[in-house]
Amino acid sequence: DAGVIQSPRHEVTEMGQEVTLRCKPISGHDYLFWYRQTMMRGLELLIYFNNNVPIDDSGMPEDRFSAKMPNASFSTLKIQPSEPRDSAVYFCASGQAGLTYEQYFGPGTRLTVT
Amino acid sequence: RKEVEQDPGPFNVPEGATVAFNCTYSNSASQSFFWYRQDCRKEPKLLMSVYSSGNEDGRFTAQLNRASQYISLLIRDSKLSDSATYLCVVNGDNAGNMLTFGGGTRLMVKP
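Chains as they are written, first to last, in our numbering: chain H, 117 to 230; chain R, 497 to 607.
Chain R on its own, in the form it takes in the complex (with noise of 0.2 angstroms):
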């Protein structure tokens, strides 16, 4: 079983719509929860970080559900520029310095 679990994807949604992605994580001990975004064959980049009461900024909102260690990212009024690859990274160590990257979920927002 992978350590960080997600749904590949592609989401195909149209501009303006809201879109949800889903991960889960097998260690009960991780502390950090994470979203970094990916476009099409460039590098990775942190777009935010999930608290566990939640967290929003601007369209994107993150949440975290320790229990059934579940993490999601919600996208209000999708752009055509949300079109990337969704990352979902779990801290993988005590020290908390390993980023454990899930798979990702594939976006494309069309016009």
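Next comes chain H alone, as it looks inside the complex (with noise of 0.2 angstroms):
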């Protein structure tokens, strides 16, 4: 079975670009979530989806991020414009209705803002 998937899987770029990171989720989870893992901050919670709803957004640093969940199989974090302070490992996780602690997490997309 294919686990969630992200892409790009590395992204480097400069700063004021904008950055569109990009997530399949496991066929049936109803739940999707995307989260930032630095070595500062360890790993924060960005936004949350259910059934392609956003639910909690207050994870979400400021109005230069934007996620999108248009469908069932993808979602979608964009950062525009992008900043330095902005470099860090994006995870997105999804899992199933009550058994959300059970969050299954793609790979991650290291980003690096120069």
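Heads up, a few of these hints could be off.
Taking CB as the label site, the calculated pair distances span [stated by the list, open to error]: (1) 156(H) <-> 523(R): 15 to 23 angstroms; (2) 178(H) <-> 516(R): 17 to 25 angstroms; (3) 545(R) <-> 156(H): 27 to 35 angstroms; (4) 565(R) <-> 157(H): 16 to 24 angstroms; (5) 126(H) <-> 501(R): 25 to 33 angstroms; (6) 550(R) <-> 134(H): 31 to 39 angstroms.
Hints in this document: simulated from the structure, not taken from any laboratory.
Ideal placement from N, C-alpha and C gives every residue a C-beta, glycine not left out.
Make one complex out of these two single chains by using the hints.
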């Protein structure tokens, strides 16, 4: 079975550029989570969706960040414009209703903004 | 104050040793507790849930002390393959969908 798929795996971009991260959750999972991990702040929840609807985006750092889930099999996290402090590993995870404590993480996208 | 606090380590132990990690959480209303494991440059994966009565899974034992808001993980007979970062996790909302992760404790098991 395919797990959570994320692309790209690595992204290097210059400050001010737009960055789009992509995620395909596990089929049948109705929850999708976006996290960011840095050495300083650890793993932080940015936003999560249930049945494609954003439920809590209180972790989104600022208006430069936006996330969408147009259908059950695809989500994007966009940063526009990007800044060096956005450099981190961004994980997407999915889970099932009633079992959302067991979240299946994708391999992550390592973002470097220069 | 962080919602979930852990000693970052690293804990350097020889193979076969017993090692324990602790974690404290600040939200007394938290209902569910877990340990996740994260290998170097990999994604986190669920290791085990933590039940009020304590629970064991092979060489791993998890304990919860609600009064002290304290969670522990004990690893017996450490293996080289146990080397990883162990993340203490607490559910962060009433619905139980949001997880709050601690910063992790790094374990290095040496031959």
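Here's how the hints hold up against the structure:
no. : hint                                  : verdict
1   : 156(H) <-> 523(R): 15 to 23 angstroms : 22 angstroms, holds
2   : 178(H) <-> 516(R): 17 to 25 angstroms : 39 angstroms, violated
3   : 545(R) <-> 156(H): 27 to 35 angstroms : 28 angstroms, holds
4   : 565(R) <-> 157(H): 16 to 24 angstroms : 22 angstroms, holds
5   : 126(H) <-> 501(R): 25 to 33 angstroms : 31 angstroms, holds
6   : 550(R) <-> 134(H): 31 to 39 angstroms : 49 angstroms, violated
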